[in-house]
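If you read the sequences in order, they're chains X and G. Last residue of the first sequence: 1172 in my numbering, with the numbers rising by one and none dropped. Last residue of the second sequence: 325 in my numbering, with the numbers rising by one and none dropped.
These are calculated hints, taken from the structure and not from any lab test. The reader is advised that the hints may include incorrect statements.
The following residues of chain X were derived to be distant from chain G, with all beta-carbon distances above 12 Å [as the list claims (entries may be wrong)]:
hint, residue
1, Asp909
2, Leu1078
3, Asp1094
4, Ala1126
5, Ala1133
6, Ile1141
7, Pro1143
Short derived list, chain X residues pointing at chain G, Cβ under 7 Å [said to hold, decoys possible]:
hint, residue
8, Ala925
9, Tyr968
10, Ser970
11, Asp1148
12, Ala1149
Note that the Cβ used here is the ideal one computed from N, Cα and C, for glycine as well.
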Amino acid sequence: MTDFDRYWETVDDELRRLPARPVLEKVPARTTDDYTFYDVWLTSAGPYRIFGYLSVPTGPGPFPAVLETPRYGSVNQVPHHNDRLRYLVFTVAHRGQRRADTPFAAAYPGLFTRGIEAPVSYVYRGIVADCLRGAEFLLSRDDVDRDRVAVSGDDELALFTAARRPGFTALRVDGPLFYRILESQPEELADHLRVHPDAAGAVADTLSYFDPVRHAPDVAATTLLAADDASWYEPLAGALPDAAIYPLTHEDAADNNTLDAWLAGQLGVEPMTRFR
Amino acid sequence: MRVPEAATIEVSRPVDFDEFWAESLAACPALEPSFEYAPALSTDTVAVYDVRYTSYQGLRVAAWYTTPRHGAPPYPALVTIPGYISEPDVPRRWSELGYAALAVAPRGKLRSNAEFNPGYPGLLTDNIADHHTYGYRGFYLDVVRAVDLLLERSEVDADRIGLQGSSQGGGLGISTAALRPDAIVCVSAGAPYLCGIMAATRLTRSYPYEEITEYLRVHPDHEPLVTETVSYYDGLNFAPRVRAPVLIYLGMEDDVCPPETGFALHRALPGEHPLHTYPSCGHHAGLPWVMPVIEEFLAGHLKPEGR
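Please take these sequences and the hints and turn them into a complete structure.
Here you go:
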């Protein structure tokens, strides 16, 4: 077993030892005739109590389902009305984000490099675990249609989740965070390396555990990668068993409609636009 | 088929609107600012400071303040105003262009939430039944006081202060320019939020406006109260007081801040103001095409060194 495999097996082992003990609270303000909405709390690695939004369509089910992995930022959007109408949706808030910020409140800037000096201390180890716990919660529900389950996110947290939790039929990644990150060097990483130039090797080692290319062969889901520059993304697409690249136009309403239609097609529902 | 530019968006203006905001401003205590140099965030070209100041009801508000290391003060200055769910970026990029820049984290944002933390979602409906106690009251004033803080800085040219933001940052650019008409030289307001608020809740199912729809689902009898409260905070009611030129840019298919409300703002502003619209664009409102337009607009009015 490689260090990479051992690292992630340890995360899985930790989660296996911790029951999720879900608590669901219905939210009347977000519940309509078409769907029922819940706030959800789960135990993740650490142990740490994380948060999520769950919306369940009205009807007998089973329903096509979407796991939304968290964005980079303190706030996750509540699942949109259009998605609640079509899917059973679960949105994970990872440790440190609002609603999952006790006892740890993430700083922005700051979260991305927290503990980055070693793989075991890196904050994203726990954040990925939180996404995996969210996947387990969604996939364990009886009202989820096993043949129509997607994981979708702003970045590769969705890819890591699909790689480590079989059961997803579709994967959509709307942009990169970790892919070729030593080349792209987002501001937080550049700041860290400027202040700690001697840490460059250790940082590179830590980030290698989060290289989406290394996770890609384990993804079984049909995948769509949205990208500014398709050619830059090709090595990742090539490492995925069944992937396509959508080149973003940055006409974001048009892009969102295309991405919505792709997911709807994968899950057998009608596409919807948010601007009607 | 929606025709956003042709829509009629009307908001009633409370008779005591001006008095309410005059009283609100008068209630703000002394700023008592602190500036702490942040070496880990500073670069060879930009100095970064962690700033705190006192605002409405005595709350301490955080901001990132950046100044150029090149050129000579006094610098033109910008207050950059964050969106609804975003945390303020360290505004180094603006200082690289020659501005002193203050990126304010109004109350409820992560570094300003020790005493006020309604959450997201949450802020838009926080105490919305009463305009006196509405959560946004202090939030609006926190941005105004950020302008006042810049006016006290010796390295800032008090005659060259502008505002920049998109979404909530665009909406609060309007309210701030209205409440400090003598200080603000120009405003860049993208996809402006908090304009035509109640109409927007009927045009979209997207957040944050969806928060009001949810609130009224549970409190349907509060609609008159909510309508009254938000009329004190609606950009369309601030617009007639704005004297600075305002750059407005809109995504013509923006589901978050409906373009109908952006056109209504443009019509409500006195005088001529540049308006850029981007077909097939949503809440990003034309990024990345609009960024050069913003930079050119601000530079034209604020004249940073070298431009």
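Status of each hint after checking the structure:
no., hint, result
1, Asp909, "33 Å, holds"
2, Leu1078, "19 Å, holds"
3, Asp1094, "15 Å, holds"
4, Ala1126, "17 Å, holds"
5, Ala1133, "24 Å, holds"
6, Ile1141, "20 Å, holds"
7, Pro1143, "15 Å, holds"
8, Ala925, "4 Å, holds"
9, Tyr968, "11 Å, violated"
10, Ser970, "6 Å, holds"
11, Asp1148, "4 Å, holds"
12, Ala1149, "4 Å, holds"
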